[in-house]
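Start from the sequences and build out the full structure, keeping to the hints where you can.
The listed protein sequences derive, respectively, from chains A and S. In terms of the UniProt record's numbering, the first sequence opens at residue 1 and continues consecutively. In terms of the UniProt record's numbering, the second sequence opens at residue 1 and continues consecutively.
By construction, these hints were calculated from the structure, which means they are not laboratory data. Quick caveat, the model's predicted, so the values are computed rather than measured. C-beta: ideal position from N, C-alpha, C; glycine also. One or more of the hints may lead you astray.
[To be verified] Distance ranges between label pairs, derived from CB positions: (1) Val99/A with Leu120/S: 55 to 65 Å; (2) Arg39/A with Glu30/S: 54 to 64 Å; (3) Gly46/S with Glu22/A: 48 to 58 Å; (4) Leu141/S with Ser174/A: 16 to 26 Å; (5) Ala40/S with Thr98/A: 24 to 34 Å; (6) Ala26/S with Gly83/A: 29 to 39 Å; (7) Thr98/S with Ala173/A: 27 to 37 Å.
[Stated by the list, open to error] Stretch-level coverage of chain S by chain A, calculated; a stretch enters the list once three of its residues show a Cβ under 8 Å from a Cβ in chain A: (8) 46-54; (9) 85-98; (10) 115-125.
2 protein chains.
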Amino acid sequence: MTAARRRGRRPAGEDTRAALLEAAGAVFAEQGYDGSTVRAIAARAGVDPAMVNHWFGGKEGLFAAAMELPIDPGLVVARVLDGSRETVAERIVRTFVTVWDDTGGAHFAALVRSVSSHELAARMLREFVTSVLFGPVAERLRVDQPDLRAALCGSQIVGLGMIRYVVRLEPLASADVDTVVAAIGPNLQRYLTGDLGLPPDRGR
Amino acid sequence: MTAARRRGRRPAGEDTRAALLEAAGAVFAEQGYDGSTVRAIAARAGVDPAMVNHWFGGKEGLFAAAMELPIDPGLVVARVLDGSRETVAERIVRTFVTVWDDTGGAHFAALVRSVSSHELAARMLREFVTSVLFGPVAERLRVDQPDLRAALCGSQIVGLGMIRYVVRLEPLASADVDTVVAAIGPNLQRYLTGDLGLPPDRGR
Numbered sequence: 001m002t003a004a005r006r007r008g009r010r011p012a013g014e015d016t017r018a019a020l021l022e023a024a025g026a027v028f029a030e031q032g033y034d035g036s037t038v039r040a041i042a043a044r045a046g047v048d049p050a051m052v053n054h055w056f057g058g059k060e061g062l063f064a065a066a067m068e069l070p071i072d073p074g075l076v077v078a079r080v081l082d083g084s085r086e087t088v089a090e091r092i093v094r095t096f097v098t099v100w101d102d103t104g105g106a107h108f109a110a111l112v113r114s115v116s117s118h119e120l121a122a123r124m125l126r127e128f129v130t131s132v133l134f135g136p137v138a139e140r141l142r143v144d145q146p147d148l149r150a151a152l153c154g155s156q157i158v159g160l161g162m163i164r165y166v167v168r169l170e171p172l173a174s175a176d177v178d179t180v181v182a183a184i185g186p187n188l189q190r191y192l193t194g195d196l197g198l199p200p201d202r203g204r
Numbered sequence: 001m002t003a004a005r006r007r008g009r010r011p012a013g014e015d016t017r018a019a020l021l022e023a024a025g026a027v028f029a030e031q032g033y034d035g036s037t038v039r040a041i042a043a044r045a046g047v048d049p050a051m052v053n054h055w056f057g058g059k060e061g062l063f064a065a066a067m068e069l070p071i072d073p074g075l076v077v078a079r080v081l082d083g084s085r086e087t088v089a090e091r092i093v094r095t096f097v098t099v100w101d102d103t104g105g106a107h108f109a110a111l112v113r114s115v116s117s118h119e120l121a122a123r124m125l126r127e128f129v130t131s132v133l134f135g136p137v138a139e140r141l142r143v144d145q146p147d148l149r150a151a152l153c154g155s156q157i158v159g160l161g162m163i164r165y166v167v168r169l170e171p172l173a174s175a176d177v178d179t180v181v182a183a184i185g186p187n188l189q190r191y192l193t194g195d196l197g198l199p200p201d202r203g204r
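This is the structure:
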């Protein structure tokens with residue numbers, strides 16, 4: 001659908017899109033996700049801010065494209081919050097495994113290589129965990145220590161991706177989605193809403 | 001201590017040690033940890049098998065050196081099993097964080113780059129999780145589904161290393177050891193000895 005759209009309407013469209021992606025990479029890395037505005041990214045790319053909505057549906061979509069994520073994180077946040085508080089983690093694990101299984105995992109390995117080699121990529125992943133995905137989820141759940149909870153969730157999800165797609169360690173590498181959700185969901189749920197065993201002033 | 005020993009006693013010693021490391025990398029990668037014998041590695045290196053004990057204290061130490069691990073995994077297994085069953089996971093988290101904090105984390109980042117780029121390194125990490133560290137711990141604890149538990153532990157520990165040392169996500173990146181142990185220990189303990197929520201025939 002996007003290919004037809006790109007070709008049809010706007011001959012210089014691909015250039016606009018590429019310029020936005022390049023500018024987004026630079027601005028997100030310099031300013032962080034929260035500090036970056038659509039306006040600043042568009043200005044850097046030398047295009048109209050409306051082009052961000054046109055090509056990426058907004059700032060979250062642009063971030064996802066700049067990080068080459070296979071799914072819009074805004075969609076993920078909305079989806080995992082749609083249901084009971086006690087099953088948020090299950091939906092997170094199910095969404096991640098389903099999406100990454102679909103892309104075949106090579107994508108995840110490329111992300112890890114990039115993050116372990118380039119500080120900019122590491123910063124993008126930090127932004128992803130804190131400001132784009134787990135941060136907003138923790139905030140919407142109104143829990144204490146949202147930053148620590150987001151980082152803990154990040155550790156489990158990144159580790160799951162490493163073991164399933166990069167290290168490919170059995171039986172986790174080829175376990176079906178229900179098995180992964182049953183095994184990991186409760187642990188992620190503790191990170192999100194459980195007792196972390198810390199006095200209130202710790203771990204901030 | 002090793003530097004003096006190397007220089008003093010055996011002029012060709014460094015060559016012997018280097019030949020053993022190279023042979024170990026090849027044999028462990030081809031045969032796996034359990035399938036590799038000290039005798040086969042020494043034969044490949046063209047040296048006497050007694051040199052493995054002399055330079056590395058045994059097969060575990062040689063594996064640790066070949067993977068450039070900062071600590072002998074046999075020592076880790078012995079240490080984490082020395083105490084109550086309910087606190088095994090706490091001791092695992094504390095050992096990992098203490099050892100990796102000491103080496104500064106750059107080591108861990110290099111390991112991740114290597115694992116995400118080379119199949120041999122990925123295989124070595126698989127061996128580390130299943131046959132050298134978490135597998136033996138799970139076996140000694142006499143739990144069901146030891147392989148799945150080992151892989152789940154691997155996912156949490158590798159993810160913790162990624163977030164603390166590679167992505168450097170706060171507040172987990174600079175949290176003190178007690179905070180990390182309190183937050184992550186209970187999750188790792190569930191993976192080791194808790195109910196994984198699966199029927200007995202799942203996740204094998």
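Quick rundown of the hints versus the structure:
no. : hint                               : verdict
1   : Val99/A with Leu120/S: 55 to 65 Å  : violated (29 Å)
2   : Arg39/A with Glu30/S: 54 to 64 Å   : holds (57 Å)
3   : Gly46/S with Glu22/A: 48 to 58 Å   : holds (54 Å)
4   : Leu141/S with Ser174/A: 16 to 26 Å : holds (24 Å)
5   : Ala40/S with Thr98/A: 24 to 34 Å   : violated (43 Å)
6   : Ala26/S with Gly83/A: 29 to 39 Å   : violated (51 Å)
7   : Thr98/S with Ala173/A: 27 to 37 Å  : holds (29 Å)
8   : 46-54                              : violated (count 0)
9   : 85-98                              : violated (count 0)
10  : 115-125                            : holds (count 5)
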